[in-house]
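Since chain Y is already given, all that's left is putting chain P on it; use the hints.
Protein chains in written order, with this note's numbering: chain Y, 1 to 225; chain P, 226 to 455.
Hints are computed from structural coordinates only; laboratory data are not their basis.
None of these values were measured; they are calculated from a predicted model.
Nothing false has been slipped in among the hints.
Think about it this way: if two alpha-carbon atoms lie no more than 30 Å apart in a straight line, the pair counts; the simulated BS3-like pairs of lysine-lysine are:
| id | chain 1 | residue 1 | chain 2 | residue 2 |
| --- | --- | --- | --- | --- |
| 1 | Y | K130 | Y | K51 |
| 2 | Y | K215 | P | K272 |
| 3 | P | K446 | Y | K51 |
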Amino acid sequence: MDFDLMINSFPKLLGATVVTLKLLSASLFFGLFLGLFFAILRLNKNIFINKFAYGYSYIFRGTPLLVQIFIIYFGLGQIEYLRTTFLWVILKEPYWCAIIAFTLNTGAYTSEILRSAFQTIKPGIIEAGKSLGISNKIIFYKIQIPIAIRQSLPAYGNEIILMMKGTSLASTVTLMDLTGVAKYIISTTFKPIEVFIVAGGIYLFMTFIIHNVIKYLEKKYSFQQ
Amino acid sequence: MELLAFGKTGWGDELFYATLMTIAVSITAMLVGFFFALIFTPLKLSKYKTLNLVGNFYTTVIRGVPELLVIYLFFFGGSGAIMYVASIFGYYEYIEINAFITGSMAIGIISGAYSTEVFRGAIQSIDKGQFEAAKVLGINKFGQFYKIILPQMLRLAIPNLSNVWQITLKDTSLISVTGLVEIMRQSYIAAGSTRDPLFFYSFAAVLYLMLTYVSMKLINKLEVRYSKGY
Numbered sequence: 001m002d003f004d005l006m007i008n009s010f011p012k013l014l015g016a017t018v019v020t021l022k023l024l025s026a027s028l029f030f031g032l033f034l035g036l037f038f039a040i041l042r043l044n045k046n047i048f049i050n051k052f053a054y055g056y057s058y059i060f061r062g063t064p065l066l067v068q069i070f071i072i073y074f075g076l077g078q079i080e081y082l083r084t085t086f087l088w089v090i091l092k093e094p095y096w097c098a099i100i101a102f103t104l105n106t107g108a109y110t111s112e113i114l115r116s117a118f119q120t121i122k123p124g125i126i127e128a129g130k131s132l133g134i135s136n137k138i139i140f141y142k143i144q145i146p147i148a149i150r151q152s153l154p155a156y157g158n159e160i161i162l163m164m165k166g167t168s169l170a171s172t173v174t175l176m177d178l179t180g181v182a183k184y185i186i187s188t189t190f191k192p193i194e195v196f197i198v199a200g201g202i203y204l205f206m207t208f209i210i211h212n213v214i215k216y217l218e219k220k221y222s223f224q225q
Numbered sequence: 226m227e228l229l230a231f232g233k234t235g236w237g238d239e240l241f242y243a244t245l246m247t248i249a250v251s252i253t254a255m256l257v258g259f260f261f262a263l264i265f266t267p268l269k270l271s272k273y274k275t276l277n278l279v280g281n282f283y284t285t286v287i288r289g290v291p292e293l294l295v296i297y298l299f300f301f302g303g304s305g306a307i308m309y310v311a312s313i314f315g316y317y318e319y320i321e322i323n324a325f326i327t328g329s330m331a332i333g334i335i336s337g338a339y340s341t342e343v344f345r346g347a348i349q350s351i352d353k354g355q356f357e358a359a360k361v362l363g364i365n366k367f368g369q370f371y372k373i374i375l376p377q378m379l380r381l382a383i384p385n386l387s388n389v390w391q392i393t394l395k396d397t398s399l400i401s402v403t404g405l406v407e408i409m410r411q412s413y414i415a416a417g418s419t420r421d422p423l424f425f426y427s428f429a430a431v432l433y434l435m436l437t438y439v440s441m442k443l444i445n446k447l448e449v450r451y452s453k454g455y
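Same shape as in the complex, but just chain Y (with noise of 0.2 Å):
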């Protein structure tokens, strides 16, 4: 055991945890928005809109994160007409090809588990909404969101912890975060072990972090109070 590599590598693998959480946040914040925005075609009754979504989150949820990351980032390059629009100052950075494909990723995950919050709710709620004479706008923001949110809560938690883990395939696009880092420190040391204890730590106390905050906000937003 190194401990002084330990103790040396604890700042630089800090510093690198920022880029992590910096990826890790702008992927759910916009991945949230595609998820709810997906799930909603999902529950559309228009066969081709409800085919198209199905279609969406089949092909993201069946590919491996790594090959949607090198499609983005080495493969939509290729294309010489997306290289004179202004869509090319985004992605010719490393950094945002990585958010597109983390949000494209877990927005597919996010629809999943949204749809079926959405489907768990009881129709009696929505008609007794109906016949109290609310209308469909507010039932469906006042009354199915809330109870969806408080449903997915579980699964949702699950998914941040899994995209927190994704956002480990940024180091695979010349990224340094975390993981990068890590690799980096691992490859010019030798020493493994010392270096994925550090690294690991940080990665499980994040974990541990995200966990509790979920853990916090379902009793919260339990129905039984």
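Leaving out everything else, chain P in the frame of chain Y:
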């Protein structure tokens, strides 16, 4: 399409073998995972607090740390660890472990943590009366588990195990960083030499989709078979 031709002109045969490699690694990793689950599930269900702690430590650490970091640990630390063990037995030569073994061990340990949780959940959701009834009938411990608990547990575990399989299958793409030639690595090589990354990575995505689709169909059949009578 000529890019996918079999033989020397295209990448068809290379990608075909790479797909077989992905399947081989996934199955090996899944089996390694079952082996770990076999050890750690009893620990998690044990009456003793220390054993619980060991089981929980394994599943918490593995499920809380990115797969890529675990793979790096094995990739960079694997041969060192083996050489250390070998040095205890008086063997000091350099030992290099092959990428297939490193990869399937790393993915297997990850898959094992998920399998452990699935088996634990399945066993815990079996009615207590079943265990008691088996005991009352005087069936020995082995028979209790093999004939009574296992068939009921499998029915509950298979849907979740199919998720674990999907996770394992997708995780194998990460072993490409160690240089094992599976779908992702082969696509990387092909994309590099033809300068057509969009095509090859999209094709890799299609291959993965095909694998997940086919395996889902097979698992659904298994599910029907094990839920007979329900």
